[in-house]
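So the chains spell out like this:
There are 2 protein chains.
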Amino acid sequence: MSRIGKQTLLLERSPVILGSASSVGSLEASGPLAGTFDHVSDDAYYGQRTWEKAESAMQAQAFSLACTKCGVLPGNLDMVFAGDLLNQCTATALMLRETGIPFFGLYGACSTMAESIALAAMCINAGYANRAAAVTSSHFCTAERQFRMPLEYGGQRGPSSQWTATAAGAMLMGSEGDGARVTHVTPGKILDTGMTDSMNMGAAMAYAAFDTLHAHFRDLDVGAEHYDLIVTGDLAFVGHSLVLELFRRELNVELTNYNDCGLMLYSRDQHDINAGGSGCGCSAAVLCGYIMRELNSGRLKRVLFAGTGALMSAVSSGQGESIPGICHAVAIERS
Amino acid sequence: MSRIGKQTLLLERSPVILGSASSVGSLEASGPLAGTFDHVSDDAYYGQRTWEKAESAMQAQAFSLACTKCGVLPGNLDMVFAGDLLNQCTATALMLRETGIPFFGLYGACSTMAESIALAAMCINAGYANRAAAVTSSHFCTAERQFRMPLEYGGQRGPSSQWTATAAGAMLMGSEGDGARVTHVTPGKILDTGMTDSMNMGAAMAYAAFDTLHAHFRDLDVGAEHYDLIVTGDLAFVGHSLVLELFRRELNVELTNYNDCGLMLYSRDQHDINAGGSGCGCSAAVLCGYIMRELNSGRLKRVLFAGTGALMSAVSSGQGESIPGICHAVAIERS
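Chains as they are written, first to last, in our numbering: chain A, 1 to 335; chain B, 1 to 335.
The following block holds chain A by itself, in its conformation from the complex:
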């Protein structure tokens, strides 16, 4: 039995991360993580005619680079787990239609990278796949017009609103090899605290993040200091502050090793991004870029990557529904 505690899975065979790659836009590449991405496009259209095709091209770029870095042909992958924020996840479907890889489509909003890694690692651990990939993307221009307003409208953004990253990340995992390994998965529950402000998704997701992180520590019977880095993606300033506050108030724990991909990708002083980054490409690119480099260099040994998603749509928000939040956590360790 691979379950430990109530909610966490122990992956006894610890699937290895064969490699990863990221592709981002010029804004993302000009921030604190400059130099950690594999590909940067100065053209928001990625050479395509529409932003949706651009997002698909960006995701293809990250996926192709990850395969190349690992020396694995896409056709030699047994499965790919992927998704994005577009209606019906078309950036992913169009990207993968040439590859001929068995595909499980996921929708976890900004938690999609963690969900994809979780399921890919679970399938490798169970012997269902020798090699599998997790891929996701988001694009500022597709997300704005789909979830909010056409860009030309120039809508105002509140101080708690987040900036959807133009970014994609791809990670290849395998049953054999050297490198950082996925050791545990804590799948998250949907939690809805009644928040209805779609300009404050960080607050809507914070409790789900706290719940999953708390469940993970409880199931492993470890404290937060077990990890060198606990990183959510993407709660940004408001949600990150709330998670710190929840740990302090509910558990009397001061998190000192906790960061958020939405805070790491941009500089709030330098970039006009309000509370920070969001979009499933944000946490994917920060993980596949900066965090994997730190793990591979040995500067980080144990990372808990906790993807957070706001499971709302423009229609559900318009109909007055509150925002369900979710958070999936994946432990990545290097010996």
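Read the hints as simulated data drawn from the structure, not as lab findings. Check each hint, because a few of them may be wrong.
Identical chains blur together in the list; that is why a pair holds if it fits in one copy or across any two.
[Said to hold, decoys possible] Taking lysine to aspartate or glutamate and the EDC-like style, the derived pairs with C-alpha atoms no more than 20 Å apart in a straight line are:
#, residue 1, residue 2
1, 6, 176
2, 53, 197
3, 53, 98
4, 6, 98
5, 301, 228
6, 69, 294
7, 301, 178
All values reported here derive from a predicted model rather than from experimental measurement.
Got chain A; can you put chain B on it based on the hints?
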């Protein structure tokens, strides 16, 4: 190792189907499968104020009935795999927000029920879950206004167009118990034959269905006659005919035990549904209703359930993209 052949997984522990339930609208309940559903609502609004909330209520109804029939409290499920056709799958997220069950959100268009069952059964087989659920839904009124036109517009429908079923299905699986069992999973690849007509999704998905079915038979080294029933969902008249034709032309095989949920749910003489049914609730309700009854009664022993999805959106179609198709197959057997 649980892989057999190139693409199929053998689930050695054969997770058992503990029970299933379906909820449908009055049109669906008036067809050839009348009397096989667990719940019928004469009110397309399911007592809610919007169609989106109605779809969520319908899905909740199916899920709740399935739990009741199995004598399992939702909180005693280890995982749920679910999704729907709404943008950002909100029918599912809103339905599950009260349950506190670890949740993996999926998007596979009309293949979502097969995808959900596949992953739930794979997780039980691997020991990640003792009990897991697969749930999905679709609603004619939410789908029409989201993918096509507002209902009030009264848009014309071509002869190859399909009717999105107002239907939901839920299946509970477990590691122990009596009943039909999930024995094999063949995850599908995306195949795109260049079809751009969103009024002909059956044709767009037919090749993916043929490809997955062919892979399944090849991997198991069996002929189609190995199964009492091979059932796709949902190709309807055009896609079903094309699959028959592809087997005839490519493999010289005459399928005599092949049907499609989109053909089974409605009567094309009695109902004005053009080529037949679609929507992920269609195959879910036909499987969780009629097919499971036939399996439980022993009239069917071996069923290959092959969910088919058209991975397009209104935006991708509007931008001239062709329609990527996918098909996931799940073998269900009863001794």
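So, going through the hints one by one against the coordinates:
For the identical chains of this complex, residue 6 and residue 176 are inter-copy neighbours only, at 19 Å across copies versus 29 Å inside a copy, given an alpha-carbon limit of 20 Å. In this homomeric assembly, residue 53 and residue 197 come within 20 Å of each other (Cα to Cα) only across copies, at 19 Å, whereas the closest approach inside a single copy is 30 Å. For a Cα distance limit of 20 Å, the shortest separation of residue 53 from residue 98 inside one copy, 14 Å, qualifies, whereas the shortest one across copies, 37 Å, does not. Taking the closest pair of Cα atoms, residue 6 and residue 98 come within 20 Å of each other only across two copies (18 Å); inside a single copy the shortest separation is 40 Å, beyond that limit.
In the homo-oligomer, the alpha carbons of residue 301 and residue 228 lie at most 20 Å apart inside one protomer (7 Å), although the nearest pairing across protomers, at 53 Å, exceeds that limit. In the homo-oligomer, the alpha carbons of residue 69 and residue 294 lie at most 20 Å apart inside one protomer (17 Å), although the nearest pairing across protomers, at 50 Å, exceeds that limit. Taking the closest pair of Cα atoms, residue 301 and residue 178 come within 20 Å of each other only inside a single copy of the chain (14 Å); across copies the shortest separation is 45 Å, beyond that limit.
The structure agrees with every numbered hint stated previously.
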